[in-house]
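S.K.: Respectively, the protein sequence lines represent chains G and V. When we follow numbering that gives the first Met the number 0, the leftmost residue of the first sequence carries the number 0, and every step to the right adds one. When we follow numbering that gives the first Met the number 0, the leftmost residue of the second sequence carries the number 0, and every step to the right adds one.
It is worth saying that the hints were derived from the structure and are not from the lab. Note that CB positions come from ideal geometry on N, CA and C, so glycine has one too. Do not take every clue at face value.
Beta-carbon label-pair distances, calculated as ranges [to be verified]:
(1) V:E72 <-> G:R39: 18 to 26 Å
(2) V:R66 <-> G:A20: 54 to 62 Å
(3) V:A188 <-> G:R179: 36 to 44 Å
(4) G:R39 <-> V:E209: 34 to 42 Å
(5) G:R96 <-> V:H3: 31 to 39 Å
(6) V:R184 <-> G:R179: 12 to 20 Å
(7) G:T5 <-> V:R5: 50 to 58 Å
(8) G:R96 <-> V:E209: 31 to 39 Å
(9) V:F207 <-> G:E126: 43 to 51 Å
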Amino acid sequence: MAAATTQQQQARDEGDRRLLARVAGGDREAFRELYIVYHRRLARFLTRLTRRYEIAEEIINDTLWVVWRKAGDFRGDSRVSTWIMGIAYRRALKALRARSHALAEAVPIENEPLVAPDELGAAETSEWILLAMRHLPTEQRLALEFAYGYGHSCEEIALIMACPVNTVKTRLFHARAKLRDLLPGLAGGGGEASSGANT
Amino acid sequence: MNEHARAHDLLPWMVNGRIEARDAAWLESHLDGCARCRAELAAQQRVRDAIAREPTVELAPQAAFNRLWKRIEDSHAIASNDAAPVAAPPRATRSERTGRWLKFVALAQAAAIAVLCVALWRSPPPAAYRTVTDPPPGTGSNGPVVKAIFDDQVRLADVKEILAASGLVVASGPSEAGVYTLVPRDAGAADIPPVALARLHADPRVRFAEPGAR
């Protein structure tokens with residue numbers, strides 16, 4: 000599934016803003032609608048991050064609890080999704096710290112490829128990529144999730160992760176390098192990739 | 000910064016559609032002549048496709064919402080009872096929380112009982128929430144409805160478009176099974192217009208649509 004286009008994201012944000020305004024007024028039905036949308040969105044990366052749905056749900060509910068209480072404080076400086084994702088990001092880090100990162104970083108960092116280039120078949124590529132992502136430090140992994148899973152811009156990711164734009168670029172740089180090390184066949188068409196290395 | 004490094008930095012934003020038009024034009028011309036960066040583009044597209052895939056686990060958002068709503072109601076009951084600040088969400092681990100949780104439940108229960116007593120005495124306005132046995136909001140409890148299921152890939156904008164074309168609005172849903180209850184936009188309509196059903200049936204984004212009972 001490709002990331003949503005900018006137009007689709009704007010339309011989605013307008014819908015989110017209308018819902019959030021009603022939530023600020025204490026509208027339970029609007030809150031339920033917003034919850035259903037964000038439960039689905041947040042569950043995707045949180046379940047992958049924590050590998051346990053009940054912990055993911057705990058983080059989602061902590062996040063939406065804050066949204067319920069702070070909806071009236073949202074000033075519209077960013078997209079609603081950026082704001083909510085920022086809250087979820089902080090909640091997720093706290094949840095992981097409380098569990099001593101046992102869940103998020105159970106896989107030791109190694110430099111050996113997970114799979115040889117010629118073994119990376121098209122059918123299971125996604126599985127290998129998701130497995131390889133578990134070898135990344137949490138911050139690098141989340142930068143990738145925000146960019147590719149949710150289509151956030153570099154500036155939006157900086158807002159979500161409360162860090163400079165250059166830090167986002169650095170995290171993505173290292174995440175990509177690590178994935179390349181773990182999955183040498185990731186670029187596919189190995190011949191073209193290697194022959195083009197000197198261009 | 001050399002050309003490859005610049006291209007390398009820009010690729011994620013081309014892959015996720017958030018690249019600036021000016022950068023996109025430069026990157027495209029660079030890619031035309033650079034096999035290495037084209038290979039990196041292909042790699043990043045694979046990573047994006049893997050990450051953007053929907054999870055295979057079955058989610059139950061309504062049940063999760065009910066648990067959160069219970070927590071909110073409990074905290075409101077405490078806050079309104081003794082004017083204490085709204086409790087912060089529990090942050091401790093599950094095991095650390097058990098003791099505090101029991102105290103919290105007892106306190107919430109006592110507070111809820113107190114609030115209920117006051118509320119009964121004051122004869123309160125109708126509740127601002129619905130239970131599953133209440134009729135959905137809409138154009139009257141006995142009006143015609145359509146039960147519909149949209150394709151998993153359908154976005155909110157699609158749903159709005161489908162509803163606008165068929166002259167229907169969502170009265171409730173989605174249920175846990177993803178079923179929406181739709182009613183005519185015209186609140187006085189005695190029946191679902193056949194053309195509305197025909198439009199839903201003809202739309203490939205609608206997996207199921209049939210008249211139903213509330």
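S.K.: Hint by hint, say whether it matches the structure.
M.R.: Tested hints:
{"no.": "1", "hint": "V:E72 <-> G:R39: 18 to 26 Å", "in the structure": "holds (23 Å)"}
{"no.": "2", "hint": "V:R66 <-> G:A20: 54 to 62 Å", "in the structure": "violated (25 Å)"}
{"no.": "3", "hint": "V:A188 <-> G:R179: 36 to 44 Å", "in the structure": "violated (60 Å)"}
{"no.": "4", "hint": "G:R39 <-> V:E209: 34 to 42 Å", "in the structure": "violated (25 Å)"}
{"no.": "5", "hint": "G:R96 <-> V:H3: 31 to 39 Å", "in the structure": "holds (37 Å)"}
{"no.": "6", "hint": "V:R184 <-> G:R179: 12 to 20 Å", "in the structure": "violated (53 Å)"}
{"no.": "7", "hint": "G:T5 <-> V:R5: 50 to 58 Å", "in the structure": "violated (22 Å)"}
{"no.": "8", "hint": "G:R96 <-> V:E209: 31 to 39 Å", "in the structure": "violated (50 Å)"}
{"no.": "9", "hint": "V:F207 <-> G:E126: 43 to 51 Å", "in the structure": "violated (31 Å)"}
Comparing the model with each numbered hint stated earlier shows that hints 2, 3, 4, 6, 7, 8, 9 do not hold.
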